[in-house]
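A.B. asks: Chains as they are written, first to last, in my numbering: chain A, -1 to 358; chain B, 3 to 524; chain C, 17 to 323.
To be clear, the hints were calculated from the coordinates, so they are not data collected in a lab. It should be emphasised that the depicted structure is a prediction, and the values quoted were computed from it without experimental measurement. Where hints are given, some of them may not hold.
Short, incomplete list of chain C residues facing chain A, as computed with Cβ under 7 Å [claimed, not checked]:
id	residue
1	Leu97
2	Leu101
3	Phe115
4	Ala125
5	Gly129
6	Lys131
7	Ala244
8	Ser286
9	Tyr290
By construction, the Cβ of each residue, glycine as well, lies at the ideal position given by its N, Cα and C atoms.
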Amino acid sequence: MRFEPRGKVSILWTYASPVLAIGLTILGAGVIFWALGQAPGPAVATFLVAPLVQAGGLSALAIKAAPLIMMGAGLAVCYRASVWNIGAEGQFTLGAIFAAGFALAFPDLPGWLLYPATLLAGVIGGAAAAAIVAFLKSELNVNEILSSLMLTYVAQYLLIYLVTGPWRDPKGLGFPQTAMFSDGATTPIVVEGTGVHLGCVAALIAAIAMWALLSKSVLGFQLRVVGEAPRAARFAGFSERRLIWVALLASGGLAGLAGMFEVTGPIGQLTTDISPGYGFTAIIVAFLGRLHPIGAIFAGLLLALSYLGGDAAQIDLGLPNAVTSIFQGVLLFFLLACDVLILFRVRFGRPRGKPVGAAP
Amino acid sequence: MLQTTAVDDGPCLSLRGITKQFPGCLANDRVDLTVARNEIHALLGENGAGKSTLVKIIYGVMRPDAGEIVWRGERVAMQSPAHARRLGIGMVFQHFSLFESLTVAENVALGMNDRKARANLRERIVEISQKYGLPLSPDQTVHDLSVGERQRIEIVRCLLQNPRLLIMDEPTSVLTPQEVEKLFETLRRLASEGCSILYISHKLEEIRALCDTATIMRLGRVVAHCVPSEKSAKELAELMINAELDPPSRSRRARAEGAKPRLAVDNLSLKSPHPFGADLKAVGFAVSPGEILGVAGIAGNGQTELMDALTGEIPTDPKETIMLEGVAVGRSGPQRRRSLGACFVPEERNGHGAVGAMTLSENAFLTAGARRSLTRFGFVNQARSVDFAREIIRRFDVRSTGPKAQARALSGGNLQKFLVGREMMQSPGALIVNQPTWGVDAGAAAAIHRALADLAEQGAAVVIISQDLDEIFLVCDRIAVIAGGRLSPPIPVEEATIEQIGLVMGGAAAKDSGGAAAERQG
Amino acid sequence: MIFFLTAFFVSVTAASTPLLLAAVGELVAERSGVLNLGVEGMMLTGAVAGFVIGRLTGSAALGVMAATAGGAALSAIFAFLTLTLLSNQTAAGLALTIFGRGFSALMGAAYVGVKGPELPKLDAPGLSHIPFFGPVLFGQDPLVYASFAIVAGVAWFLYRTHAGLVLRAVGDSHDAAHAIGYPVNAIRLGATLFGGAMAGLAGGYMSLAYSPMWAENMTAGRGWIALALVVFATWRPAWLLGGAYLFGAIMYLSLYVQGLGVAIPSPFISALPYVVTVVVLAIISRDRRRIRLNQPACLGKPFYAGA
């Protein structure tokens, strides 16, 4: 098997590659289930289909997808600028911490004041975490992958400290959690009878806003140029330093906002366990969505499904819910593999052309 | 060292019917080539004629689709460069295969497969390099060396393996005229001692001076075979291009007396940000409206740094160092300089002047956003950008599928025409171009020269930085030479001769390996 | 006092060894131009493979071999994606980490809290009992000695052999190496597999000697610290030794201080190694010139043959 360069980018395969990757991943999931002693067909159905068709499935999907879409759209913008922010998880955590801090400090403020302020606190928290990464990269030339990763661990320890120490709910029987937030700081439900909350709507708005930023605005153009050809960006007079800050603050702020919605919405309080790795999954969302904010919507829905599927596999099949991580990892593998078809053609057999000097 | 073995009197190398097809391009079309013993054989042709592909086939880097290679009387199938080296073929590439962070001795060792041959390497390097007039010190790190010295490593690496055929791909594009003479002496000596030379170039005068025979290629085919010294340069050129060239008729403009310079550079000194770059030292010149100034020089002598300083990619202190329309812009970025009427075409098209993955209309927006009012309330005005790109394509005859074509889909010449057009259509007061026709075919080059002349005619001040002395003498009014980061005082072109310019280029280059390298450490 | 110092040095060695092993493997890979961010995933895979095989066979030695093989196998996937399919190395490395975490959690689910075989410590008659020097120099488990041997071996390989020179050349300019005729992808594959094997071995050390047991995500970011160590050492093996031991000391100290019941809250101390990593990176990286001169010029760049 060989790869022959196409000489140009294949538009067809830019969109077909994720579809093929998803298909291969489903097959792969079947194999994994079979290796774990399950009948592959029904297991895959439990994992991917059942969560959708059961009662309340679609709203569960929307709720799960909200942070993924919001963070995925932000990361898409960041990655298009070739700034590899891997610390969305830490920015999510710090956003949740800031939002919770504000909500716990002023629980009796009127809702119309408390809620927007809490929301803003969440954004600021995420942006602050990202600002450290931006400062380290633009002033001290520190690789953003390593610094954002390290800060994720630091944020997690900060969360543990706050929730087991100063912010622990005195009436909480010693569990590592804060008090429940007051009504003024709780994210409202937007669809009656379900858990679908404001954050789900905000996620869609965020994706559209990021798309408009990236494709239509001058700032978005500058981000794309700096990601594709940094030297051309300098030639055009775009400030690389400023764009690094923009990319990180945008993706960090959105991650913080996602954190805020999670703890003021579905969870309702701050605990040590506010994210099953949303920040890392959001990275996959960004890539699966072709680094396009609108693509992040569809990718976010699919990856949210993998979380629901993992829970279903745990409950109905008795499997550890690490199957979610495996599914996500395998999906990313297949996506990267299928992406080769965008720039290359597959050819089987030996290369054409007689070797020199051989008999004709 | 190199012995002449009289095994048989037949040719050293013989190619018959070599054919190679790439997607969309027939690089070699039934090519026949014969190199005799003790001969210096030229392979002549323009960019894209198929010369590089042919020699890669000879050197085993790629296999032909059809045809045969006969080496010293025997048919061979070249498996790899290592195989070619074992047979006695050496190659000095146009773009050196050197490893910057390693020493001379390590670089030479990497080119030699045979373990025994690597014994006593350092002594042998010194011996061979001195014998053939290519002095080298084995323990120097490559990134400290000048381009001419780096080429010596490549040559010595080949010579240490006792080649019978030495292929040289465009060897003189990076040398001063004096270094070229030294190289020719070395090559003549090698040929007389039994190592044939296959010399690839498009420099007609050099081929006439050096080579015994020539094979001329055009568009993948052999079109002629001759003895170069029996032909004039013009006849050789016509064989290469087969088109009547239309040199731009240009009346040498008299500089308007008392005209205020559009662009003035005064005492510009700059430490190069590149680890292996050249620092600028007290560079100064001024360009008046309607004048074309040429900055001649071999690559690596500060052109990149000068261009970056002029575009504003590198700020300079004090800001009066660079004055544009009487405004001190040393600390201003490219966007401010563009707003004052300066436009630029950098050396590198894809990745610097343009973003390869973006469309032509997006690339048009890249620099013209402000001057052509292509934005609206912070958003890109797509429609106007597309129109602007279309206009450029039309006026400058850019072959493409339209404004939505990706920049990297265009050929080098067409992309260059687009970029030059993009800048010219912003009606600049000053235009600075670095290597305007590098890698561009003759037709597009002529069009660009015409456009530059027209622009000056309309009153713009133009600066051309170029490695091609012929181009500078053709188009420019005044000429200055950049060497070792210093700029010679500009003189009118009529008063300059090629030898003189070459000496200025060479004088600094000789100092470069000692002085400049030491200065760079400090 | 002697007792404290002995315990200190022995424990620091134990804490530093996995960092050293993972980092030296990554150093070789990066010297050939491959940036493999999946070290954490490979370490976890090695840890779980080593523990499971060790427990099933009862042999720590077999566990170690399984760990090495596990890390190498995962790195083979990375090599296929990035060398053959020319994928983005950053994304592929992340995929490796995410997959490695999930895979190891899945495989190890049945083994959490279970006791596994332990690597024996060296017990040289007489020598091991000399106060202080005995346990520190002669009383460590075999992988500690192996780690020093490997680092020395890598240094010798890179700077004293032709093969090591070729590897460095590939990392400096893969186009030039290809033009000369060296098999760039084969060399990078070898370097990547070595990196994976070392990361796997480091993980195996954690589950068979350091802890010794299996817990989900037990490497707790050591793989990322190993990546930072390679930058800190500016890609030179000797400096790697110093860096790994510095970090090992910090990690051990943070555990020790927590044990003392000092007034500082334990999460802050646990976070210390990560904070120190960032600080160290900041100090090293700000000298851009130094980084540029020492960093393999082709690091992370995909190689297109025949381009």
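A.B. asks: Please check whether Ser286/C passes as an interface residue: C-beta within 7 Å of a C-beta belonging to chain A.
C.D. replies: 5 Å, holds
A.B. asks: Taking the closest Cβ pair, is Ala125/C under 7 Å from chain A?
C.D. replies: 4 Å, holds
A.B. asks: Is the interface hint satisfied for Tyr290/C? The criterion is a beta-carbon contact with chain A at less than 7 Å.
C.D. replies: 4 Å, holds
A.B. asks: Restraint: Phe115/C near chain A, CB-CB cut 7 Å. Satisfied or not?
C.D. replies: 3 Å, holds
A.B. asks: Restraint: Leu97/C near chain A, CB-CB cut 7 Å. Satisfied or not?
C.D. replies: 5 Å, holds
A.B. asks: Was the hint right that Lys131/C lines chain A, CB cutoff 7 Å?
C.D. replies: Not OK, violated: Lys131/C not within 7 Å of chain A, min 20 Å.
A.B. asks: A closest beta-carbon separation below 7 Å is what the hint needs, so does Leu101/C meet it against chain A?
C.D. replies: OK, holds: Leu101/C within 7 Å of chain A, min 4 Å.
A.B. asks: The hint names Gly129/C as touching chain A; please verify it with the least Cβ-Cβ distance against 7 Å.
C.D. replies: 14 Å, violated
A.B. asks: Mind checking the CB of Ala244/C against every CB in chain A and telling me if the closest is under 7 Å?
C.D. replies: 5 Å, holds
The structure fails to meet hints 5, 6 from the earlier list, while all remaining hints are met.
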